[in-house]
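Visitor: We have chain G already, so just place chain W on it with the hints.
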Amino acid sequence: MKKWLLSLLIWGGIAALGAVGFGMIALWQGESVNSFWLLTAAFCTYAVAYRFYSKFIARKIMSLDDNRATPAEVNNDGKDFVPTNKWVLFGHHFAAIAGAGPLVGPTLAAQMGYLPGTIWIIVGVVIGGAVQDFIILFGSMRRNGKSLGQIAKEEIGPVGGALALIGIIAIMIILIAVLAMVVVNALAESPWATFTIFMTLPIAILMGLYMRYIRPGQVLEGSIIGLALLFFSLWLGQIVAASPTWGPAFTFSKVQLAWMIIVYGFIASVLPVWLLLAPRDYLSSFLKVGTIAVLAVGIVLTLPPLQMPALTKFIDGTGPVFAGNLFPFLFITIACGAVSGFHSLVSSGTTPKMIAKESHAPLIGYGGMLMESGVAVMAMIAACVLTPGVYFAINSPAAAIGVDAVQVATTITGWGYTVTPDQLTTLANDIQEKTILSRTGGAPSLAIGMATIFSGVLGGKALMAFWYHFAILFEAVFILTTIDAGTRVGRFMVQDMLGNVIPKMKEVNWLPGNLIGSGIITIGWGYFLLQGVMDPLGGIYTLWPLFGIANQMLAAIAFTVGTTIIFKMGKAAYSWITLVPMAWLTTATLTAGWQKLFHPDPKIGFLSHAEAFQKALDAGALPKGVKTVEAAQKMIFNDQIDAVVCAIFMVITIGIILDGARVWINILRGKHYPLQESPYIKSKGNVFDGKGHHVA
Amino acid sequence: MRRKLRAMRKAMRKVSSAIKTIFGMPDYDRYLAHWYETHGAPGIFPMTEREYYMYALTERFEKGGVTRCC
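For the protein sequence lines, the chains are G and W, in the order given. Residue 609 in full-length UniProt numbering sits at position 609 of the first sequence, with consecutive numbering throughout. Residue 10 in full-length UniProt numbering sits at position 10 of the second sequence, with consecutive numbering throughout.
Just chain G, same shape as in the assembly (with noise of 0.2 Å):
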């Protein structure tokens, strides 16, 4: 058969069969659809959007040259700047980019049923967040390997490049502030989870002792050292929890919770990193690619039907676990997965170092982004396997459901999604928690559906505890390195922004200097944790939203750049690929963003929650679920200070995209921009040779 043939049969028959796929989770009518058609369309859509349209964009836009040293090629120094294997770097440039989001994001976004939720995560991908990564990965390998912000400000101008940096920061706080909440809410009330992440503190310390002084620079070893301490530890929480002494011991309130993790992730940052982060950052990158693996080999082998219904009836906007409407708010709920505009970050991070040679930058950018999507659905699959009931349960916060099971089945029930109290009990028993209902925030719940899934595969009901616990530590530890590691970064842009008003901050080893950024940046998210604590919301309602616009705000930063990217090389014709997503997302993103601040209804807007709150106030009463007038009136500043923050994010994204249209629109006049690229150099062929140009 001629190849052109063959070529075209099989991927038409891809195609169709991502096609039949769609046509199942869209159209099914029966009692559940089987994950195997979730996985079908996403798997499939993936295959065809590598196969033409990534390199469409590779031809069109980058005309990728083999011929053209990389960075890593011409400054080859043995650490940053090392030609990398193709598989190897994918592989890096995965385990960068995947973490708690895109497990979280779509947990959440259930509660609108599976089918917007998905179709968001693969058109988002293709059209979006691959394209994205892809394109700041190919502009940063082309400018020696460097960061978003510099970039910003060299291609669109210093007005763009402040812009991008307060942006950066400013998501720094809040990304910390959310992801420190889904911990708070996965480690309340339960001693086994509780004592298990304390466990990682000595564990990784040991570790960071035994690879600096004992076996100095055995990495590997230390690794493995301390995972089978975190097993004996996940183990022992079992004990732990079922001891009358040490039980309550490590039983711990949010409020407790959260001032822990704020003293943590202060004294964290400033540590010496060979000490505490390094060790823990190894420890949870194993977990994390350990539970994506058994994941998904649980979801493949088992292929669980979904109880989940395509459609809820929360796409109206009135659902308990996030407020608003499916447009805009879908599409700010799930964003790592979809579109996640912190990937611009890594993308032009170590990442552009490292790649040996032009065109393996599809494989790693768009292709790497592919995998994380498909992460993105794994995760809804794993929300979906649980029946509504149980799912609204979890995921609604006590104002909204009630506190005890008998209240609040009869709540759900009412909702129309069928659910007993003794289900409800019958599953903390299962996993060994004090209570399912409220824990808010995604981690709980996705762990009692990957227990559901793995004890399928693996042990039964008896082993159903463990993998729960197995789920939460995994989220917890990765949060943890994430608050240490986010605060680290915050800090070094604080005292490099001080730096230029005191020459001394700029000093990254000056103690006081350390002490004073981090306070900052700690003060920044612990601010945002507290106030989700004692929100009776619960606080994911009210902050992952705002993480979401923060996001996409960066999404959309990182767009404009890419735009700005593309005209400037002359390619305005193609400016649509970036365009497009950019478009959509700026749209949502204001669209929720103007609903958050502006919107009548109290449950959205913050400035009418605001208004409701004083209005009670005033009236001699006390808001639903709020105890103390100071309280009341602490929720009322609360709202004015999400409100101005939301706004912040506006500001920034329409200001980012004021400042590229202006050169666009220039070049489009005739104007000449010069393209700040790196200049050309010949690559000497094989880069693998270890010994390179060695300019650096």
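What the hints contain is simulated information worked out from the structure, not anything from laboratory work. Mixed in with the good hints, there may be bad ones.
Claimed, not checked - Per the computed footprint, the stretches of chain G lying under chain W, defined by three or more beta-carbons under 8 Å from a beta-carbon of chain W, are:
id: 1; stretch: 77 to 87
id: 2; stretch: 91 to 100
id: 3; stretch: 211 to 218
id: 4; stretch: 282 to 291
id: 5; stretch: 343 to 352
id: 6; stretch: 646 to 653
Model, not experiment: these values are computed from the prediction. Just so you know, even glycine gets a beta-carbon here, dropped at the ideal spot from N, CA and C.
Guide: Relative to chain G, chain W alone:
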């Protein structure tokens, strides 16, 4: 036998090097190989394993770069 053993050790080193790269861990072998290829000269010495380990951690975590996502 010895040949087989050497081949196996070589393969193991490749695997461990790949794991280190994927997770952003310091890779002393890689550094040494590079150092001898490009800097090696009589009278100067590369960093010791511990020095390199501390250097690599500082590079990765204390330069303010974003190395991970949400």
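Visitor: Decide, hint by hint, whether the structure agrees.
Guide: Going through the hints against the structure:
1. 77 to 87: holds (count 7)
2. 91 to 100: holds (count 8)
3. 211 to 218: holds (count 4)
4. 282 to 291: Answer holds; 3 residues pass the 8 Å Cβ test.
5. 343 to 352: Satisfied; 5 residues make the cut.
6. 646 to 653: Per the Cβ count (0), the hint is violated.
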